[in-house]
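Sequences are here, hints too, so could you generate the full structure?
Protein chains: 2
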Amino acid sequence: MINITFPDGNVRQYEAGVTALEIAQSISEGLARNVLSATINGEIWDATRPIPSDASIQLHTWNDDQGKFTFRHSSAHLMAEALEAVYPGIKFGTGPATDTGFYYDVDPGEHQISSDDFPKIEQKMLELAREKNDYVRKDISRDDALAYFKEKGDEYKIELIEKRGADEALSLYEQGNFVDLCKGPHIPDTGRIKAVKLMNVAGAYWQGDENRQQMTRIYGVSFPKQKELKEYLEMLEEAKKRDHRKLGAELELFMFSEKVGAGLPIWLPKGTALRTRLENFLKQEQLKRGYQPVITPHIGKKDLYVTSGHYEKYGEDSFQPIHTPREGEEFLLKPMNCPHHCEVYGHRPHSYRELPIRIAEFGTVYRYEQSGELHGLTRVRGFTQDDAHLFCTPDQLKGEFLDVLDLTLHVLNKFGFDNVTAQISLRDPDNGAKYIGSDENWEKAESAIIEATKEVGLNTVTVYGEAAFYGPKLDFMVKDALGRSWQLGTIQVDYNLPERFELEYIGADNQAHRPVMIHRAPFGSMERFMGVLIEHCGGKFPLWLTPEQFAILPISDRFNDYAKTIEKQLAQHDIRGIIDDRAEKIGRKIRDTELKKIPFMLIVGEKEAEEGTVSVRKQGEGDVGAMSIDSFVEYFTSLL
Amino acid sequence: MINITFPDGNVRQYEAGVTALEIAQSISEGLARNVLSATINGEIWDATRPIPSDASIQLHTWNDDQGKFTFRHSSAHLMAEALEAVYPGIKFGTGPATDTGFYYDVDPGEHQISSDDFPKIEQKMLELAREKNDYVRKDISRDDALAYFKEKGDEYKIELIEKRGADEALSLYEQGNFVDLCKGPHIPDTGRIKAVKLMNVAGAYWQGDENRQQMTRIYGVSFPKQKELKEYLEMLEEAKKRDHRKLGAELELFMFSEKVGAGLPIWLPKGTALRTRLENFLKQEQLKRGYQPVITPHIGKKDLYVTSGHYEKYGEDSFQPIHTPREGEEFLLKPMNCPHHCEVYGHRPHSYRELPIRIAEFGTVYRYEQSGELHGLTRVRGFTQDDAHLFCTPDQLKGEFLDVLDLTLHVLNKFGFDNVTAQISLRDPDNGAKYIGSDENWEKAESAIIEATKEVGLNTVTVYGEAAFYGPKLDFMVKDALGRSWQLGTIQVDYNLPERFELEYIGADNQAHRPVMIHRAPFGSMERFMGVLIEHCGGKFPLWLTPEQFAILPISDRFNDYAKTIEKQLAQHDIRGIIDDRAEKIGRKIRDTELKKIPFMLIVGEKEAEEGTVSVRKQGEGDVGAMSIDSFVEYFTSLL
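Protein chains in written order, with my numbering: chain A, 1 to 640; chain B, 1001 to 1640.
These are calculated hints, taken from the structure and not from any lab test.
Pulled from the structure, derived: some chain A residues nowhere near chain B, Cβ distances all over 10 Å:
#1 Asn3
#2 Asn177
#3 Gln214
#4 Gly399
#5 Tyr435
#6 Tyr464
#7 Ala468
#8 Asp475
#9 Lys597
#10 Lys607
#11 Glu610
#12 Ser638
Lysine-lysine pairs mimicking BS3-like chemistry, simulated, CA-CA at most 27 Å apart:
#13 A:Lys283 to B:Lys1283
#14 A:Lys597 to B:Lys1288
#15 B:Lys1596 to B:Lys1479
#16 B:Lys1597 to A:Lys288
#17 A:Lys197 to A:Lys241
#18 B:Lys1288 to A:Lys589
#19 B:Lys1302 to A:Lys302
#20 A:Lys288 to B:Lys1568
#21 A:Lys288 to B:Lys1270
#22 A:Lys197 to A:Lys120
#23 B:Lys1607 to B:Lys1589
#24 A:Lys540 to A:Lys618
#25 B:Lys1414 to B:Lys1596
#26 B:Lys1283 to A:Lys270
#27 B:Lys1288 to A:Lys270
#28 A:Lys288 to B:Lys1283
#29 B:Lys1313 to A:Lys259
Idealized CB from N, CA, C, for every residue including glycine.
And the structure:
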């Protein structure tokens, strides 16, 4: 008998050679039906692989990332089997799982595979899935593996095997008529794959080398239930409609210009109004909490970034140094605001009584990204961080952390992000040498983060070894309205920069001490946050935030003056909007306003002008009826 | 008899050979006593030079720039005469007038001249001035001039003469025992110089060439009245106290960091609060006037600036292009915001009905300046323009110009700059070819500017030939509290950029037209304006603007809580300030607060806490008495 330890610490005894699937069966038939793979002693295994001796176990299903990953990887094998059936002689490169599905790079030989061929491949996949073929692992020597693929004639697999060490143990996986070189793990059998859809076909160079064979990369998604595929496709459809690049252009929020450069967003008037409102909201919150705004330049001497270490980090792959007419003088576009803020802190001596000092700036930074990686507002080359750097004593760390946590959650909730989790990144306990700062301070910082997140009841995942070398950190993840995850704000503890900039304060003991520094940005960046927010709310911004809260639509130009008096009355209540006084039919005005997602249309004609009312239409909902201006103000305010 | 035309158009007849001095005498003895030189047919002449034929005349006195310039230049000759008397054998380079006085570059041979020698030189100057020696002009041939200075042994003058054309007519000026090679003009006699002071002595390379002789440059000032010298020296003393670099550090408004780089100001929290208040004031005014804020990046592709022409203008002498890891890709730090705003205008088609479009941005730009030219906030390498670009039809130009004028004057007055003049820069009427844009549009623009400035009653100087090649412009000059002139805001008409960026609007005729563009910045730049404002108000900012409007000073820590309740009450009336709750004696607190130039000190102790009052001290004025919070709010508000 062997001892199997469950995640909750429970230990149960099984026969040696038991599989995770059998263990699941011993718990419940339902669990067995859903189990896809298992983590055995920290390594992910097939659920059908015998466990020879004492082990810890964690079962994986579709509900966790590891389970999904196994499912998708097995789906890639299933697609390969189908492709081989449809296109005999096709050769295979590599076929991994991705965050949303899977792909396989194949060399179809004389065949051409286009999206027109997807239905027949999908059909074949489902047919093979219904056969419920087991995924069978076979350990194999390098020589035998080579012999197998030489006989099959797949030079890509041969190349992959030849790269492996002479004595390395390899494995094959077989399901139905298909055999692949693969480390695994895989799901028990193909029958668990109930829904598949091929999404896209593209070219991809073998091994990413543009001088080598162009392979055909086929992307697909798969699910354990048909319903989940349907929901996924609907989500994609909705995501396309909500694409912030599309909405950003339609709503005239931002633009890109080829002449200014890719990845450098230009905020148009409406986007600027929105962004300013976001910024002001956070600025006010920060003022209340004792932050001190500063403004620093967008460049600094190269020396500054050599001191901070950023030159070493960003130097080669980023925007290159700016030379001047003076020999040897070099500046850099700032990739981060922290070096400047360290200079602010350091410009005069500080007493412990002044701490914490919280230096804040909506600071625009520039980092080079490959043009292929740019994406709307979410991946750019220039962006504005809602940055602040807090300088405090080690004892103040927890209090500051709690306040930053509170602020960040307040901000995210304000914009309707209710599903917030965070990753706590701590030291690798086995590799203490790679971190800067004393053990005592690290322990203080790590326990401050852990306790603070607990105190506010934040859902967290703790990952050891993911801390930066300069300190532990906390990254916030939000789920948007379509269930997609985005990384937004961040809080990082830093022992490194205070050291590099030799920052000090005079303690109660009259001695010089080094402050601890916290980097934090609740939005993350204005660009990225705005991009995510646009998609989260599909362009229908919260009423308090939206650039134009109403549009007054006069039925004809006879009522333009009345429209203007209403606009003025509403302005007095801080309600902002526009008048559509174009010489267009009212139907056209309504359609155009609907497209702009303006929350309220106030239609005014003969009757309204006489009675001093407006006829109100709510965006997406339609007619709300006629009301006096006062009533509208009341109604409007109740919705804020 | 010849006809002499006066500036007001009046014509009077005089004998041929009459001098400006005689003409002044014919008007009044007082005028004759004050006349220093005269503009005859557009050229400045000695007041004692005979006028041979019909001419226009403008007499110059100490009250105009030309008169001052003549006076200072003659003072340089007077100093040279004194130097020659004190240091026989001294040789002379050049000795021009400057904006504030004059200098002479001399080679004292074996002598050393230091500021210790100033009194004896000044004494000699005044002694020679009392001799009332006439400045006598002598036309002379190049050969005779050479012969004269060869005999005298002044190799610098010889070099100057040798550079002149062989047939060029030269002139000498003689007063007392001193003869100088000089074009003139000069004042009638040395007796008009009543007060002199030598200010400084420094080294200066002959002809500005560091490989040549190091000359001794002696700076001086001179005045027609002793009282004016006294006032000037007092002004300098006061200016030293008000130096914005000194006050900026004392009041913790801004800082410079060697690591960030010279000429790159960092705004500290109090300076940021001030600047933000300045910006918000203008932003609100601009929103009222239909400006649309945008936010654009601080870099752009080199192509953008090639298109705009800025690369040609700033390229070589400025920050050099920023390379990226991608071969051939180049960006530039933006030296101006206009190219970005042109891209904003051009990103979609416009109808004439949408015009004028007013695109505004507080845009930070970077221009390289030699390190020796940098000066506090007024000469920097990175600065934020309160920029806007107005795109309008030619017919809208005057209306837009009027509105911009109104806005600019409103802004300048709001900050206590009451003495505002402007320079109108128009085309050179004799050189039409060098300007871009049609004659018709230029005439429209020039008359729009002239009429608009007249309508608002602005004092202007019109200068022909000073327009930019792309359009006429208006530059605002303010006099600060010490009477010093500063160039601040500017308005420029531009036909060039709309052409280069091929900007268009569809007119009522359904045809494409080119809009006119107006560049304008009422502050000029936030940095420069703040620098000037600090010196103008000596750090005592207008009450509405100042970062901290009050400081509550508790007599002991027993009254800290009472101080906090007062702070809260005042915050409700938007009155902001601080509490000095340090464990210091009240006298010390008062002294420290006085130094920070905080307008009001509210002292609270036993009596105040009991009676619910504060004891008010006004900065620079002292005790105002005890009052209730409500009374203080009322009193404070009345001063806003």
